[in-house]
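Engineer: Protein chains in written order, with our numbering: chain V, 31 to 499; chain B, 451 to 686.
Please keep in mind that the hints were generated in silico from the structure rather than gathered at the bench. No residue lacks a Cβ here, since even glycine has one placed at the ideal position from N, Cα and C. Treat the hints with care, as some may be off.
If you want the ones that stay clear, here's a sample from chain V, every Cβ over 10 Å from chain B, calculated [stated by the list, open to error]:
no., residue
1, L42
2, D81
3, R109
4, R137
5, I208
6, L255
7, T296
8, P297
9, V337
10, Q338
11, Y448
12, V491
Computed spacing ranges between beta-carbons, pair by pair [unchecked claim]:
no., chain 1, residue 1, chain 2, residue 2, range
13, V, R236, B, F679, 18 to 28 Å
14, B, R671, V, G328, 47 to 57 Å
15, V, F286, B, G607, 23 to 33 Å
A few chain B residues that face chain V, going by a derived Cβ cut-off under 8 Å, partial list only [said to hold, decoys possible]:
no., residue
16, A477
17, L480
18, E531
19, L534
20, A541
21, P563
22, E565
23, F591
24, R629
25, V630
26, R633
27, S649
28, R650
29, R682
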Amino acid sequence: MAGRRWSVGLRLRLVAAFAVVALGAVIATTGASYLSARNTILQGVQDRAMDTLRTQVSTFAATVPLPPTQRDLDAFQRRLSGYVAVFYRDLRSTGGPPTEELPAEFRAAVHDNDRVLFQRGLWSETAPFLMVGMTVRTQNTVGAVEPTGLEIYAQISLASSQSDISELAAWAWVTGAIALLVAVGIALLAARSVLRPVRELNLAARGLADGQFDTRLRVRGGDELAELAHTFNTSAATLQHNVGELRRMESDARRFVADVSHELRTPLTAMTAVIEILEQETDHMPPDSAVAARLVAGETRKLSRLVQDLMEISRFDAGRAGLELDEWDVATAVRDTIAARGWQDSVSVELPEGLVARVDRRRLDIVVANLVGNALRHGAPPVLVRLWREDDGVVIEVSDNGPGLPESVLPHVFDRFYKADSARARSEGSGLGLAIARENARLHGGSLTAGNHPGGGARFVLRLPEVLV
Amino acid sequence: MVVQQTWIMGRVAIVLVVEDDRAVREALQLSLRRQGHDVHVADSGEQGLAFLREQRPDLVLVDLMLPGIDGFETCRRIRAEGDLPIIVLTARSDDFDVVAGLEAGADDYVVKPVEPRVLDARIRAVLRRAASEQQTSDEHFGDLVVDRTALVVTKSGEPVPLTPTELKLLLELTRTPGRVLSRQQLLSAVWEHDYLGDSRLVDACVQRLRSKIEDDPASPRHVRTVRGFGYRFDRV
Chain V
31 MAGRRWSVGL RLRLVAAFAV VALGAVIATT GASYLSARNT ILQGVQDRAM
81 DTLRTQVSTF AATVPLPPTQ RDLDAFQRRL SGYVAVFYRD LRSTGGPPTE
131 ELPAEFRAAV HDNDRVLFQR GLWSETAPFL MVGMTVRTQN TVGAVEPTGL
181 EIYAQISLAS SQSDISELAA WAWVTGAIAL LVAVGIALLA ARSVLRPVRE
231 LNLAARGLAD GQFDTRLRVR GGDELAELAH TFNTSAATLQ HNVGELRRME
281 SDARRFVADV SHELRTPLTA MTAVIEILEQ ETDHMPPDSA VAARLVAGET
331 RKLSRLVQDL MEISRFDAGR AGLELDEWDV ATAVRDTIAA RGWQDSVSVE
381 LPEGLVARVD RRRLDIVVAN LVGNALRHGA PPVLVRLWRE DDGVVIEVSD
431 NGPGLPESVL PHVFDRFYKA DSARARSEGS GLGLAIAREN ARLHGGSLTA
481 GNHPGGGARF VLRLPEVLV
Chain B
451 MVVQQTWIMG RVAIVLVVED DRAVREALQL SLRRQGHDVH VADSGEQGLA
501 FLREQRPDLV LVDLMLPGID GFETCRRIRA EGDLPIIVLT ARSDDFDVVA
551 GLEAGADDYV VKPVEPRVLD ARIRAVLRRA ASEQQTSDEH FGDLVVDRTA
601 LVVTKSGEPV PLTPTELKLL LELTRTPGRV LSRQQLLSAV WEHDYLGDSR
651 LVDACVQRLR SKIEDDPASP RHVRTVRGFG YRFDRV
């Protein structure tokens, strides 16, 4: 079912394209809003922390004597809220974050800067924090601002902000997933609306291929698919017309052949009935009349055979050839055919008894008589008829020892009125014998093939299905 | 030239040819006369049936394609009157025509154009009535009684009107009750077709025989079909 696979493939591709586009959009929008929300939250935390620290420092810094003692530093540190450490040159407050947790570069940056600096860090995988550092500056007597040498470092946990952000991220994921699902759903709907006409078109095309030339599509809307359906309908109509015309001409031709044969039959019946009388009288006729009488008799019989063969082939063409199947011992049937025509002495046979098949005895006789007759006429003796059983039926082979059939003739031996040599004189047969034999084989569901033996000699093989014993 | 006459029960056989085509009619008349038959001709079914009211021939040769009442109907009407042997002459060996002809009551058929010797052989076979046999007593098969000496068949005491062909077929079947006879065997014995027989002749005649001797022709008790082989006569 290539068509089926194709349809699924197209749908998959459509849905996948939709999903990719939706995914991109979702990632872009939710990612952007996540980032901006996260920044806003963190900025707020930072601002609050820095404001608090700056306010407290400016309030309490004046109370610290310079240079401070360890006690002064500790007292200052205790006044500041949060997890804070105060440094002065080599001194530091006993409380607050340990020195090793404050990166040297950060401290150097704070030392050289007159602004409040901050840096994010991680205590552990799940516990982010904000590190804030500032130097304490004071105005000297002439109004210039100069560093006091006091540095304050605070660590602020971001755990609560982090959980806010995580929640935000989770929401972003959920909305993203929902958007994706909706996108896939819409993609499926769109795919269906596109694929239904495509599937209908495919079915209709297959109908045409199967010979249903009256197949038409319903044209819906005015899009490209509707246009395609319209084109399909026009093509189908043209095809239907042409095929109908051809069929009518062919059946006319065939009926003509049948009618002509039928019309020829009546005068031939009268002629056939009396030619024997003419033949019996030849002894008493003048020589010329006798020759003429024999000629008329002989040609009348040939004409009669030709008309009978034409009638027979017309029945096949018209599909009116009936099959009278009965069970027959094939060897006996073949033997009878040969004996009935007095060919026993000129034909060798290998006919094992006991092969019973469902055949039309009359038709089998026609085929075998034709093949053996041909071999006797055109081939060279010995003519051999063999019968054997194969898995799928019985095989009857008729072969001769003549020159065989030329390669150029092989594809045409079953053609009607085919003459291997156009210059060759009219032969005994009607020129329809092998065509009729093949039709008979086919009517049985079997086959008739022509070929040559490797050692020379024509070889015809008749295969019949349905062996019983 | 001495013309050998066909003698049927001590006289020349009278053959009626019903054929509309003048040439065929004349040629057949000529040919059959040469074969030794006493030939009468009719150019339509009506004329043929009219002839039959005047005279009783030994055999009728009927063309199936006739103007007016056709060959089939002619066969049926002849058959309705009695057991006169009929051979149909068909221009088409279409299976439908042949089967319909046989069902209409024909004993045998020939296809146009027919060789005179073939036609003659068929006519003689049909005319050769079943020969009497030495038989001491009647054979009883249930309510069916076959008298081989007088060639009479009775069913429940009533005589059964059988055509010569049907009688020949019944005698052949009852000769070996319980044994299967193939269609080809029956064709050789009853119709004297030596080869290439058309088994439809046997089937059609068996149908007609059944309709006369069986209580229920649809489920026969005497003439049984042995699928794939042929027919068998059962004593019951």
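Engineer: The structure should be examined with respect to each hint, and the outcome stated for every one.
Structural biologist: Cross-check of the supplied hints:
| no. | hint | in the structure |
| --- | --- | --- |
| 1 | L42 | holds, 56 Å |
| 2 | D81 | holds, 109 Å |
| 3 | R109 | holds, 119 Å |
| 4 | R137 | holds, 111 Å |
| 5 | I208 | holds, 71 Å |
| 6 | L255 | holds, 50 Å |
| 7 | T296 | violated, 5 Å |
| 8 | P297 | violated, 6 Å |
| 9 | V337 | violated, 7 Å |
| 10 | Q338 | violated, 8 Å |
| 11 | Y448 | holds, 25 Å |
| 12 | V491 | holds, 23 Å |
| 13 | R236(V) - F679(B): 18 to 28 Å | violated, 46 Å |
| 14 | R671(B) - G328(V): 47 to 57 Å | holds, 54 Å |
| 15 | F286(V) - G607(B): 23 to 33 Å | violated, 60 Å |
| 16 | A477 | holds, 4 Å |
| 17 | L480 | holds, 6 Å |
| 18 | E531 | violated, 28 Å |
| 19 | L534 | violated, 23 Å |
| 20 | A541 | holds, 5 Å |
| 21 | P563 | holds, 4 Å |
| 22 | E565 | holds, 6 Å |
| 23 | F591 | violated, 26 Å |
| 24 | R629 | violated, 17 Å |
| 25 | V630 | violated, 12 Å |
| 26 | R633 | holds, 7 Å |
| 27 | S649 | holds, 6 Å |
| 28 | R650 | holds, 7 Å |
| 29 | R682 | violated, 15 Å |
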